[in-house]
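Student: So the chains spell out like this:
Protein chains: 2
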Amino acid sequence: MPNWSQHDPGRKPEHWETLSQKNFASSPIFDVVTHRCRHPKLGHEGDFYVLESRDWVNILALTPEKQVVLVNQFRFGIGDTSWEIPGGVMEAGEEPIAAALRELKEETGYTSNQVELLGKVRPNPAIQSNTCYLALAKDAQKTEAIDWDHHEELEIKLVDIDQVYAMAFRGEIFHSLVLDALMLYQPEWEKLKARRRSPSA
Amino acid sequence: MPNWSQHDPGRKPEHWETLSQKNFASSPIFDVVTHRCRHPKLGHEGDFYVLESRDWVNILALTPEKQVVLVNQFRFGIGDTSWEIPGGVMEAGEEPIAAALRELKEETGYTSNQVELLGKVRPNPAIQSNTCYLALAKDAQKTEAIDWDHHEELEIKLVDIDQVYAMAFRGEIFHSLVLDALMLYQPEWEKLKARRRSPSA
Chain Y
84 MPNWSQHDPG RKPEHWETLS QKNFASSPIF DVVTHRCRHP KLGHEGDFYV LESRDWVNIL
144 ALTPEKQVVL VNQFRFGIGD TSWEIPGGVM EAGEEPIAAA LRELKEETGY TSNQVELLGK
204 VRPNPAIQSN TCYLALAKDA QKTEAIDWDH HEELEIKLVD IDQVYAMAFR GEIFHSLVLD
264 ALMLYQPEWE KLKARRRSPS A
Chain X
84 MPNWSQHDPG RKPEHWETLS QKNFASSPIF DVVTHRCRHP KLGHEGDFYV LESRDWVNIL
144 ALTPEKQVVL VNQFRFGIGD TSWEIPGGVM EAGEEPIAAA LRELKEETGY TSNQVELLGK
204 VRPNPAIQSN TCYLALAKDA QKTEAIDWDH HEELEIKLVD IDQVYAMAFR GEIFHSLVLD
264 ALMLYQPEWE KLKARRRSPS A
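These protein sequence lines are chains Y and X, in that order. So the number in our numbering is just where the residue sits in the first sequence, counting from 1, plus 83. So the number in our numbering is just where the residue sits in the second sequence, counting from 1, plus 83.
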């Protein structure tokens with residue numbers, strides 16, 4: 084490949100070959116795996132550390148009054164509390180929507196018969212292999228008792244969705260994956276508001 | 084505390100006390116640290132695994148024509164390519180805006196004299212201690228040569244910002260932290276578009 088240059092910003096990047104994978108460290112919630120990879124054109128190799136864990140899910144649950152079910156909990160990563168939408172780790176073999184409804188029910192006691200997938204994102208393509216699914220529940224109702232894990236202790240609050248967006252823009256909601264769900268729902272919410280303003284349209 | 088119950092969804096969650104921290108595993112880009120924590124009221128303890136790394140930054144760079152500087156690169160976490168805005172790891176002592184401009188220049192050769200902070204988010208409050216700063220550069224211009232790291236190989240493209248939002252909603256941009264930057268810029272972009280439609284307003 085006489086004309087092949089590494090520094091061509093107009094060309095699609097090559098896909099590196101994985102030569103081997105080695106477990107570097109295992110914790111109960113994720114593994115750190117070393118991927119030994121080789122650039123297919125340049126031939127140079129490197130070790131890349133990847134955090135491998137189950138897929139995640141979160142759920143934007145709206146009541147009939149267009150309030151969002153928010154939960155506040157102590158988060159050990161940041162050593163502080165954080166207002167979020169319900170979510171968690173998917174179980175083996177579980178479908179995203181079933182997992183989202185399970186987390187919603189366990190954390191808040193809310194259920195819904197109108198659930199759909201808003202989208203899916205990668206928490207960090209550079210170092211994490213998993214996917215986070217973002218679900219939307221309409222007509223969420225409090226029908227069940229809460230069912231918290233041993234370490235869970237949540238404050239639950241219903242907040243008008245426009246206020247939830249305001250919290251996000253003020254930095255009071257700062258979990259990246261929660262912001263993603265709010266972003267992907269925004270066009271539908273704007274359409275709904277426009278219809279409410281001009282019901283004959 | 085006779086009336087204190089763990090299961091009170093109307094009460095603020097307690098802040099756990101950190102009893103000790105122990106390094107569990109170190110890789111070149113992050114450490115996994117075990118936090119031994121105790122609930123201040125219930126007294127029960129647990130080990131919580133926290134991924135500790137430097138803070139991150141990304142930058143939404145807009146040209147005078149309202150195009151976004153996008154980069155596509157192979158990402159080892161997902162084993163695939165990903166369209167993103169420029170970004171990376173902040174250096175020790177570096178300010179967020181300086182880091183954002185450095186990453187923009189190194190990855191794409193673009194610079195800007197109009198940079199501000201859009202906001203900051205927590206990549207994952209549950210398991211990560213760091214912050215990701217989101218920067219906005221206006222009037223970005225290609226003034227420098229690209230300066231890629233040994234393993235970097237990027238495809239660079241200018242895309243109209245409305246098309247960038249369309250890519251996000253279609254799932255073609257899926258990096259959670261890139262979507263956060265797009266979300267936090269959206270109100271300003273909508274205002275700017277409204278002004279362009281009614282210049283006398």
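Treat the hints with care, since some could be wrong.
Pairs involving identical chains hold if they fit within one copy or between any two copies, as the list cannot separate such chains.
[Stated by the list, open to error] Mimicking DSS-like on lysine-lysine, the simulated pairs with C-alpha atoms at most 30 Å apart in a straight line are:
1. Lys-149 with Lys-276
2. Lys-276 with Lys-124
3. Lys-105 with Lys-188
4. Lys-274 with Lys-149
The set of hints was computed from the structure by calculation and includes no laboratory data.
Student: Using 30 Å as the alpha-carbon threshold, which applies to Lys-274 and Lys-149: within, between, both, or neither?
Tutor: both (14 Å within a copy, 25 Å between copies)
Student: Could you place Lys-149 and Lys-276 in one of the four classes (within, between, both, neither) given a Cα distance threshold of 30 Å?
Tutor: This pair counts as both: shortest intra-copy Cα distance 11 Å, inter-copy 27 Å.
Student: At most 30 Å between alpha carbons: which applies to Lys-105 and Lys-188, within, between, both or neither?
Tutor: neither (38 Å within a copy, 34 Å between copies)
Student: For Lys-276 and Lys-124, with the copy left unspecified, which applies at a CA distance of at most 30 Å: within, between, both, or neither?
Tutor: Close neither inside one copy (52 Å) nor across copies (44 Å); limit 30 Å.
Checked against the numbered hints above, the structure breaks hints 2 and 3 and satisfies the rest.
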